[in-house]
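Engineer: For reference, the chains in residue letters:
Number of protein chains: 2
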Amino acid sequence: MVKLNDETRAAYNRDLLELLQEGEDTAFRLKFLDLHPVDQMEVVQQMKEENRNRFYEIMSAKEIADIFEELNLEEQKDMVLEWENKDMSDIFNYMNADDVADFLGELEEKEREEILTGMDTEEAEDVKELLTYEEETAGSIMTKESIHLHETEKVGDVLNRLRNEAPDAEMIYYLYVVDESEKLAGVVSLRDLLVASLEEKVGNVMSRRVVSVHVNEDQEDVARLIQKYDFLAAPVVSANNQLLGIVTVDDVIDVLEEEATEDLAEFATTRGTTDVNLSAFTAAKRRAPWIILLMFLGMITAGIIGQFEETLEQVVLLSAFIPMLMGSAGNVGTQSLAVVVRSLALGNYEKKGLLWALIRELGTGLVIGFACALTLIILIPFLYGGDLLLAFIVGFSIFLSLGVAAVIGSVVPLIINRLKLDPAIASGPFITTFIDVVSITIYFSMATMLLQFL
Amino acid sequence: MVKLNDETRAAYNRDLLELLQEGEDTAFRLKFLDLHPVDQMEVVQQMKEENRNRFYEIMSAKEIADIFEELNLEEQKDMVLEWENKDMSDIFNYMNADDVADFLGELEEKEREEILTGMDTEEAEDVKELLTYEEETAGSIMTKESIHLHETEKVGDVLNRLRNEAPDAEMIYYLYVVDESEKLAGVVSLRDLLVASLEEKVGNVMSRRVVSVHVNEDQEDVARLIQKYDFLAAPVVSANNQLLGIVTVDDVIDVLEEEATEDLAEFATTRGTTDVNLSAFTAAKRRAPWIILLMFLGMITAGIIGQFEETLEQVVLLSAFIPMLMGSAGNVGTQSLAVVVRSLALGNYEKKGLLWALIRELGTGLVIGFACALTLIILIPFLYGGDLLLAFIVGFSIFLSLGVAAVIGSVVPLIINRLKLDPAIASGPFITTFIDVVSITIYFSMATMLLQFL
Numbered sequence: 001m002v003k004l005n006d007e008t009r010a011a012y013n014r015d016l017l018e019l020l021q022e023g024e025d026t027a028f029r030l031k032f033l034d035l036h037p038v039d040q041m042e043v044v045q046q047m048k049e050e051n052r053n054r055f056y057e058i059m060s061a062k063e064i065a066d067i068f069e070e071l072n073l074e075e076q077k078d079m080v081l082e083w084e085n086k087d088m089s090d091i092f093n094y095m096n097a098d099d100v101a102d103f104l105g106e107l108e109e110k111e112r113e114e115i116l117t118g119m120d121t122e123e124a125e126d127v128k129e130l131l132t133y134e135e136e137t138a139g140s141i142m143t144k145e146s147i148h149l150h151e152t153e154k155v156g157d158v159l160n161r162l163r164n165e166a167p168d169a170e171m172i173y174y175l176y177v178v179d180e181s182e183k184l185a186g187v188v189s190l191r192d193l194l195v196a197s198l199e200e201k202v203g204n205v206m207s208r209r210v211v212s213v214h215v216n217e218d219q220e221d222v223a224r225l226i227q228k229y230d231f232l233a234a235p236v237v238s239a240n241n242q243l244l245g246i247v248t249v250d251d252v253i254d255v256l257e258e259e260a261t262e263d264l265a266e267f268a269t270t271r272g273t274t275d276v277n278l279s280a281f282t283a284a285k286r287r288a289p290w291i292i293l294l295m296f297l298g299m300i301t302a303g304i305i306g307q308f309e310e311t312l313e314q315v316v317l318l319s320a321f322i323p324m325l326m327g328s329a330g331n332v333g334t335q336s337l338a339v340v341v342r343s344l345a346l347g348n349y350e351k352k353g354l355l356w357a358l359i360r361e362l363g364t365g366l367v368i369g370f371a372c373a374l375t376l377i378i379l380i381p382f383l384y385g386g387d388l389l390l391a392f393i394v395g396f397s398i399f400l401s402l403g404v405a406a407v408i409g410s411v412v413p414l415i416i417n418r419l420k421l422d423p424a425i426a427s428g429p430f431i432t433t434f435i436d437v438v439s440i441t442i443y444f445s446m447a448t449m450l451l452q453f454l
Numbered sequence: 001m002v003k004l005n006d007e008t009r010a011a012y013n014r015d016l017l018e019l020l021q022e023g024e025d026t027a028f029r030l031k032f033l034d035l036h037p038v039d040q041m042e043v044v045q046q047m048k049e050e051n052r053n054r055f056y057e058i059m060s061a062k063e064i065a066d067i068f069e070e071l072n073l074e075e076q077k078d079m080v081l082e083w084e085n086k087d088m089s090d091i092f093n094y095m096n097a098d099d100v101a102d103f104l105g106e107l108e109e110k111e112r113e114e115i116l117t118g119m120d121t122e123e124a125e126d127v128k129e130l131l132t133y134e135e136e137t138a139g140s141i142m143t144k145e146s147i148h149l150h151e152t153e154k155v156g157d158v159l160n161r162l163r164n165e166a167p168d169a170e171m172i173y174y175l176y177v178v179d180e181s182e183k184l185a186g187v188v189s190l191r192d193l194l195v196a197s198l199e200e201k202v203g204n205v206m207s208r209r210v211v212s213v214h215v216n217e218d219q220e221d222v223a224r225l226i227q228k229y230d231f232l233a234a235p236v237v238s239a240n241n242q243l244l245g246i247v248t249v250d251d252v253i254d255v256l257e258e259e260a261t262e263d264l265a266e267f268a269t270t271r272g273t274t275d276v277n278l279s280a281f282t283a284a285k286r287r288a289p290w291i292i293l294l295m296f297l298g299m300i301t302a303g304i305i306g307q308f309e310e311t312l313e314q315v316v317l318l319s320a321f322i323p324m325l326m327g328s329a330g331n332v333g334t335q336s337l338a339v340v341v342r343s344l345a346l347g348n349y350e351k352k353g354l355l356w357a358l359i360r361e362l363g364t365g366l367v368i369g370f371a372c373a374l375t376l377i378i379l380i381p382f383l384y385g386g387d388l389l390l391a392f393i394v395g396f397s398i399f400l401s402l403g404v405a406a407v408i409g410s411v412v413p414l415i416i417n418r419l420k421l422d423p424a425i426a427s428g429p430f431i432t433t434f435i436d437v438v439s440i441t442i443y444f445s446m447a448t449m450l451l452q453f454l
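As you go down the protein sequences, you meet chains A and B in turn. Sequential numbering of the first sequence, starting at 1, is according to the UniProt record's numbering. Sequential numbering of the second sequence, starting at 1, is according to the UniProt record's numbering.
Hints are computed from structural coordinates only; laboratory data are not their basis. Careful: at least some of the hints might be erroneous.
Chain B stretches covered by chain A per the calculated footprint, using a threshold of three residues with CB under 8 angstroms from any CB of chain A [stated by the list, open to error]:
1) 94-108
2) 166-179
As a list, the in silico EDC-like pairs of lysine to aspartate or glutamate whose alpha-carbon atoms are at most 16 angstroms apart [what the hints assert, rightly or not]:
3) B:LYS201 - B:ASP250
4) A:LYS62 - A:GLU24
5) B:LYS62 - B:ASP99
6) A:LYS228 - B:GLU151
7) B:LYS228 - A:ASP87
8) A:LYS228 - B:ASP250
9) A:LYS183 - B:ASP99
10) A:LYS228 - B:GLU258
11) A:LYS154 - B:ASP99
12) B:LYS228 - A:ASP254
13) B:LYS228 - A:ASP250
14) B:LYS228 - A:GLU258
15) A:LYS228 - B:ASP254
Ideal Cβ placement from N, Cα and C applies to all residues, glycine included.
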């Protein structure tokens with residue numbers, strides 16, 4: 001039905017733009033505010049500039065804040081530029097502190113201070129605190145808008161409190177309980193509260209075995225935790241276990257998406273360049289270093305082959321199989337790399353153990369290598385006029401190379417992982433070049449050796 | 001703090017295993033049931049087999065069901081084998097229908113029927129229905145345990161209903177409203193209900209602009225939808241808009257994880273082989289076809305190089321640069337592929353447009369190519385004794401090849417995407433081989449051409 005929804009929404013949006021164009025402000029507001037902020041954002045982006053200026057005038061700061069939160073950083077900057085006439089601080093007051101922090105983090109010290117001083121003190125304090133946490137930590141993705149309960153509160157009173165505070169809180173379905181010194185004491189779900197009797201004390205319905213994350217914890221670990229337990233949120237605590245905020249599941253989804261993109265990017269050495277909004281030149285500037293670095297590594301293979309010039313002069317056809325040999329070895333290595341990197345990311349090895357995985361990959365590589373060798377030794381004589389020796393050289397080289405490739409492809413990421421680094425940085429191309437060198441050496445050494453017996 | 005939690009849990013688990021070993025059943029049950037099912041599962045997996053049999057005896061079917069739901073399919077099969085003495089159907093009665101369906105889907109027709117006939121009719125009906133939906137569709141990941149409201153119900157009555165039904169329902173924070181013919185009419189969050197007056201009618205507090213997904217919709221589209229709107233769940237409807245069930249955000253996280261793994265796997269042609277539990281031989285059997293297929297494609301390059309045997313005999317050193325040339329072209333192509341595939345997955349192109357992306361990649365490729373060419377033309381004469389012609393051949397070939405590589409790397413996935421297929425199947429190696437052929441041809445044609453003028 002998403003498709004259908006899209007169509008109806010397109011029509012709906014056209015009507016909205018007309019109403020605004022024709023100055024039917026009240027009618028527009030009514031129809032517009034009926035939309036989900038995400039959809040409101042789409043409409044705003046479709047407006048002509050002059051209309052957008054009128055739009056800002058007829059909407060309240062709160063209503064604009066809701067839309068602003070849905071934009072990505074670049075879009076937010078564009079929108080702010082259109083706001084001379086609006087009081088930005090006023091709009092930021094209505095946003096979640098974490099969204100404000102994300103945006104202000106991109107601004108100059110000076111602009112940031114201006115906006116913060118214009119904002120309500122309490123709200124500004126939250127933002128300033130969030131700005132102090134490092135990127136990619138729990139602190140950087142947590143929200144401050146969470147409701148804290150106390151063990152002594154009655155369930156009925158809590159439900160009444162929620163009626164008033166619910167609209168502002170980002171997550172009211174998991175409620176965290178703190179003691180008098182704001183230390184995390186337990187968790188109770190709104191579900192538990194509903195089922196409990198209204199006279200019951202929170203302390204008696206809450207669970208004390210609450211899983212929390214430290215504010216400096218890596219955001220991916222937080223994501224994995226929430227994913228493992230199917231939580232809707234997790235509490236973020238300070239070193240002395242004080243409740244600082246919560247991370248919600250929707251942030252977690254974005255984090256996992258980010259990490260998956262990073263893995264793929266590392267894999268293709270496009271780190272930090274998957275952003276499609278970069279100009280060709282900027283993208284080139286970021287990617288070229290990798291390519292040139294790898295090209296230099298490629299010069300090593302060139303050097304090795306150069307060493308075997310004499311062998312090549314005897315059998316020029318040897319060079320014809322260089323691409324195929326290196327390609328196959330590279331592919332097997334990349335397969336092993338992908339398997340290991342992904343399995344580490346998903347923690348699949350916890351039970352079987354890493355050594356097991358290593359031996360598995362070696363075995364896999366050799367079996368595949370044997371199949372390839374057999375194929376070539378039968379095939380090459382037909383294709384290249386009965387040269388059995390050449391066929392044997394190529395076949396045996398591919399058998400060895402594929403075995404080695406599988407080991408390299410799995411050992412490297414495992415080592416990197418042991419060093420507590422992200423295994424994905426053992427990106428494909430580096431391993432491939434490594435494998436190239438090994439397979440080329442195997443290939444030509446064998447050729448030189450055997451040619452002596454001709 | 002996860003680390004710390006892990007340590008404390010390890011100690012906690014040891015105590016548990018001791019209690020069970022010493023037959024302290026009641027003490028064990030008390031301490032054990034205090035754990036989250038995910039953690040209970042870990043304990044069960046650490047038990048000695050004889051202890052596990054006693055464990056099954058002292059736990060109720062409901063308690064075992066909670067643990068069973070947390071296991072992956074293989075672990076579930078292992079556990080079932082240990083159950084001769086337990087009534088399986090009884091345990092499945094306490095599980096969510098979707099989890100039961102996932103498991104039964106793996107069994108033989110006969111076993112499946114046996115279990116289903118042993119289960120409660122109503123529960124069994126739900127499972128049978130879920131078994132009819134295709135894999136990777138909304139229907140295959142939705143849950144039936146959702147609470148349906150009616151517009152005429154009073155908020156107060158709904159809250160009372162929730163007190164009774166909450167324990168069984170999988171998601172009570174989003175409640176979907178249906179009309180008398182079970183057609184989806186709106187949605188109301190528990191948050192809205194709490195804020196509303198108890199006498200208010202559901203019809204007046206619910207939102208009618210509810211976004212729903214069709215039961216046959218691809219599971220990734222469902223995931224993207226929930227991610228876009230930061231929903232905690234989405235309703236699944238039939239062709240005539242009847243509410244069939246709901247998809248919850250925790251399922252969505254697993255789907256996105258799955259898709260990311262698939263993308264990476266396609267990328268390294270390890271499709272369906274990232275499962276680390278496969279034996280070396282099985283893994284090889286699944287991976288070998290790709291490698292051998294690619295090897296045959298590699299034979300094409302071998303054939304092409306073979307055609308230029310004469311050129312090679314004149315300048316044997318030409319072959320020394322084959323790996324470097326093909327490597328660089330391959331890397332640039334892979335970068336473009338990664339950028340395009342990922343951007344398509346995240347829908348980044350919606351605004352800028354695909355043609356723009358294509359031109360961007362071409363530009364990027366040429367800029368990088370120019371940088372590489374320059375480097376080589378300066379470098380090669382130094383490394384290989386002043387042979388300027390060779391340097392020029394290599395340099396100009398790499399410039400052209402990298403431009404072409406970028407285009408191939410981005411055009412192919414874009415075309416595949418237009419054909420409504422998963423762009424990730426344009427997996428790296430295939431594109432690389434394609435690029436190999438082109439760059440080799442450029443390289444040797446140019447060499448042959450220029451050597452005539454010597």
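Engineer: Does each hint hold? Answer for all of them.
Structural biologist: Evaluation of the provided hints:
no.	hint	in the structure
1	94-108	violated (count 0)
2	166-179	holds (count 4)
3	B:LYS201 - B:ASP250	violated, 31 angstroms
4	A:LYS62 - A:GLU24	violated, 21 angstroms
5	B:LYS62 - B:ASP99	holds, 14 angstroms
6	A:LYS228 - B:GLU151	violated, 36 angstroms
7	B:LYS228 - A:ASP87	violated, 28 angstroms
8	A:LYS228 - B:ASP250	holds, 9 angstroms
9	A:LYS183 - B:ASP99	violated, 37 angstroms
10	A:LYS228 - B:GLU258	holds, 14 angstroms
11	A:LYS154 - B:ASP99	violated, 36 angstroms
12	B:LYS228 - A:ASP254	holds, 10 angstroms
13	B:LYS228 - A:ASP250	holds, 9 angstroms
14	B:LYS228 - A:GLU258	holds, 14 angstroms
15	A:LYS228 - B:ASP254	holds, 10 angstroms
Going down the numbered hints, you'll see the structure goes against 1, 3, 4, 6, 7, 9 and 11, while the others check out.
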